[in-house]
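Engineer: Kindly generate the complete structure, drawing on both the sequences and the hints.
What follows is the residue order along each chain.
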Amino acid sequence: MTIHQTAIRPAPTPAEQRFLDLYASVAGRLPGAQATEVRAWREAALNRFAALGVPHRRVEEWKYTDLRMLMPDVLPLAGLLPAMETDVSVEAAIGPPLAHLDAYRAVFIDGLFRPDLSTLQDAPGVSLQAVRAALESSSTRAHIMQSTLPERDVIAALANVFVTDGAILSIQPGTQVKKPIQLINLCGNGTPRLVATQNAIAIGEGAHVSLIEIEAGQAKCQIISSTRLSIGAHAAVRHVRLNFGEASKHLSSAAIVLAEGAKYDPVQMTVNAALTRAQANIRFEGPGGRCHYSGAMMLRRRSHADFTLLVDHAAPGCQSRELAKAVVDDHSRGVFQAKVVVERGAQKTDGKQMSNALLLSDEAEFDSKPELEIFADDVVCGHGATAGQLNEDQLFYLRARGVPEPEARALLVAGFIGEALDNIENEDLRAALQEKVNDWLFA
Amino acid sequence: MLEIKNLHAEIDGEEILRGLNLTVPKGEVHAIMGPNGSGKSTLAYVLAGKEEYEVTDGTITWENQNLLEMEPDERAHAGLFLAFQYPMEIPGVASLTFLRAALNAQRKARGESEISIPDFMRAVRSEAEKLSISMDMLKRPVNTGFSGGEKKRHEILQMALLKPTLCVLDETDSGLDIDAIRIAAEGVNSLRSPDRAIVVITHYQRLLNYIVPDQVHVMARGQIVRSGGKELALELEQSGYAAYGAEAA
Chain A
1 MTIHQTAIRP
11 APTPAEQRFL
21 DLYASVAGRL
31 PGAQATEVRA
41 WREAALNRFA
51 ALGVPHRRVE
61 EWKYTDLRML
71 MPDVLPLAGL
81 LPAMETDVSV
91 EAAIGPPLAH
101 LDAYRAVFID
111 GLFRPDLSTL
121 QDAPGVSLQA
131 VRAALESSST
141 RAHIMQSTLP
151 ERDVIAALAN
161 VFVTDGAILS
171 IQPGTQVKKP
181 IQLINLCGNG
191 TPRLVATQNA
201 IAIGEGAHVS
211 LIEIEAGQAK
221 CQIISSTRLS
231 IGAHAAVRHV
241 RLNFGEASKH
251 LSSAAIVLAE
261 GAKYDPVQMT
271 VNAALTRAQA
281 NIRFEGPGGR
291 CHYSGAMMLR
301 RRSHADFTLL
311 VDHAAPGCQS
321 RELAKAVVDD
331 HSRGVFQAKV
341 VVERGAQKTD
351 GKQMSNALLL
361 SDEAEFDSKP
371 ELEIFADDVV
381 CGHGATAGQL
391 NEDQLFYLRA
401 RGVPEPEARA
411 LLVAGFIGEA
421 LDNIENEDLR
431 AALQEKVNDW
441 LFA
Chain B
1 MLEIKNLHAE
11 IDGEEILRGL
21 NLTVPKGEVH
31 AIMGPNGSGK
41 STLAYVLAGK
51 EEYEVTDGTI
61 TWENQNLLEM
71 EPDERAHAGL
81 FLAFQYPMEI
91 PGVASLTFLR
101 AALNAQRKAR
111 GESEISIPDF
121 MRAVRSEAEK
131 LSISMDMLKR
141 PVNTGFSGGE
151 KKRHEILQMA
161 LLKPTLCVLD
171 ETDSGLDIDA
181 IRIAAEGVNS
191 LRSPDRAIVV
201 ITHYQRLLNY
211 IVPDQVHVMA
221 RGQIVRSGGK
231 ELALELEQSG
241 YAAYGAEAA
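So the sequence lines, in the order shown, correspond to chains A and B.
The numbers in the first sequence follow the working numbering, run straight up by one, and end at 443.
The numbers in the second sequence follow the working numbering, run straight up by one, and end at 249.
To be clear, the hints were calculated from the coordinates, so they are not data collected in a lab.
Among the hints, erroneous ones may be present.
[To be verified] Covered, in the sense of this in silico footprint (three residues per stretch, anywhere, with C-beta under 8 Å from a C-beta of chain A), are these stretches of chain B:
{"id": "1", "segment": "24 to 30"}
{"id": "2", "segment": "44 to 54"}
{"id": "3", "segment": "105 to 111"}
{"id": "4", "segment": "205 to 213"}
Every residue, glycine too, gets a C-beta built ideally from N, C-alpha and C.
Structural biologist: See below:
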């Protein structure tokens with residue numbers, strides 16, 4: 001960091017200083033540290049972070065998720081060599097239904113790629129490289145470093161500063177990937193730690209693929225991740241992003257770009273993680289694209305989950321749908337912020353969003369903030385939001401059929417959340433996610 | 001035997017049932033007819049245990065069990081089934097999921113094991129076919145997007161699968177065309193048995209052309225005011241409910 005930059009900036013807050021100190025203590029041991037350009041690349045991101053600071057409630061996009069309050073500490077960084085002692089069973093960490101799903105798999109544990117647990121290397125039409133290896137080789141690192149950081153994106157900046165590994169994935173044009181691809185990012189048992197990963201995924205023209213990103217913490221941990229996804233013309237991508245872990249805090253940022261006629265169907269789902277901030281920045285760059293987003297959050301105790309979306313219609317004739325379903329119990333809080341921008345010239349845009357919250361306790365809270373920014377005149381856009389309790393008449397109907405009250409409630413909650421999962425084509429995947437819902441309901 | 005004695009019930013402080021007495025022995029079908037506002041649907045809800053209705057006096061027993069002391073699900077376990085006038089839509093819960101949950105809950109209450117999925121599907125398929133209900137419809141969420149007739153047939157399907165011993169049908173004919181009434185009535189008739197009591201609540205006589213009752217009761221102002229054989233329904237069809245203090249319906 002140069003003297004000039006620190007001079008024009010207020011002194012870092014304690015929260016910011018902890019990240020700066022963490023970087024100072026690990027800088028020489030991060031992958032690619034021996035190369036000055038990698039260091040410069042990380043430090044540019046560190047400067048970006050220092051300029052933005054740790055966001056708090058007076059920063060508009062973070063109004064409902066005060067990171068200074070919700071993540072006051074910074075844990076030691078995982079993913080440095082020699083690797084931390086860890087004992088992880090993928091099946092135990094993500095549960096049998098997802099572990100047994102017929103899928104190609106790339107597994108990362110404590111910030112390190114585990115080829116021994118991965119099968120994605122064998123998928124036809126798919127190439128995989130680990131970020132760590134790419135950063136350490138002079139012939140491949142330039143490719144990673146050429147992408148620019150999204151502005152005002154603290155999460156992407158931090159992931160960039162501390163990244164120890166991740167997946168660089170590309171799907172050849174026209175490939176129909178037969179099985180879903182799972183990218184599994186686990187933080188194992190053991191001492192509390194911070195995991196930082198970056199994924200870069202390029203889907204070739206006309207390719208079809210299902211991606212499942214799973215982040216899970218088995219013990220106290222922080223997982224900071226960023227994903228860049230570019231979808232080629234007329235390609236179709238189903239993208240499930242699931243995180244859980246009762247003591248884990250997840251900050252993730254995804255930047256998705258759709259070319260002409262591309263279809264992108266993301267499902268963002270969180271099951272009771274201590275803290276989730278899942279950002280997605282979806283941009284239509286070519287005409288005729290389609291994005292159907294659904295979000296599902298199940299929160300209990302003092303969980304906090306925030307799904308923040310920006311859907312940018314930069315091209316005409318695209319359709320976006322956002323549906324968020326939240327079940328919020330105890331002292332938990334759910335947040336859904338979705339901003340739809342229709343740029344000048346993006347005529348015939350069709351954009352709609354809806355959020356539905358089920359509040360199961362008096363202390364539960366759900367904040368919904370829809371935003372529309374429209375600079376074109378021939379568009380159809382709308383938004384809606386509901387919040388309420390379980391419907392007593394539905395409950396009575398189930399009980400009148402002999403279903404006892406606790407099961408009747410669970411059935412209604414599962415049905416409520418299930419609407420966010422209904423359009424997942426792969427039945428095994430849908431069933432595995434529904435199983436996660438049931439685990440939560442009957443925990 | 002269903003025995004209702006001196007039943008008083010109110011909702012939001014307004015008394016609807018005012019000392020109702022009714023006895024329905026097993027093996028019989030009784031019809032309850034009456035003008036709008038006479039308390040027919042209230043009686044159905046009070047039998048099923050809907051919370052908003054407060055019973056202020058009287059007793060309801062079924063096979064010597066006190067229904068008023070039971071939760072709605074316990075009443076179902078005791079053999080009661082109410083076919084709703086307005087079946088609830090439950091978005092997100094597939095009919096098949098709902099049917100299996102109900103069936104297994106009742107089996108569990110009887111100390112039986114869960115039904116296997118093949119046995120369950122076989123049973124559903126067979127009953128659904130009799131009621132002209134497609135399996136596709138049952139994959140959809142409960143009653144969501146169903147037509148009025150589909151909802152009523154779905155009620156009869158549940159009744160056929162759950163095999164209750166005390167069936168209460170609340171205006172099952174309302175909103176149905178004549179073909180749909182016939183299909184629903186055939187479903188009810190196939191459940192007639194010496195072990196089962198059936199109460200058919202209806203405003204119109206026409207349903208009783210298909211489900212011929214052993215007894216007909218006229219309800220007015222929260223009481224049974226007259227009882228008789230099946231010919232009483234025909235008489236009401238002729239003369240209307242004016243004699244029982246109602247406006248012409």
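Engineer: The structure should be examined with respect to each hint, and the outcome stated for every one.
Structural biologist: To see whether the hints hold, each was checked on the structure:
With a threshold of 8 Å between beta carbons, the proposed coverage of the segment 24 to 30 of chain B by chain A is violated, since 0 of its residues qualify and at least three are required. Given as covered by chain A, the segment 44 to 54 of chain B passes the check, having 4 residues with a CB less than 8 Å from a CB of that chain where 3 are the minimum. Residues of the segment 105 to 111 of chain B lying with their CB closer than 8 Å to a CB of chain A number 3, which satisfies the three-residue condition for coverage. Coverage of the segment 205 to 213 of chain B by chain A is violated. Counting CB-CB distances below 8 Å, 0 residues qualify, and the rule asks for three or more.
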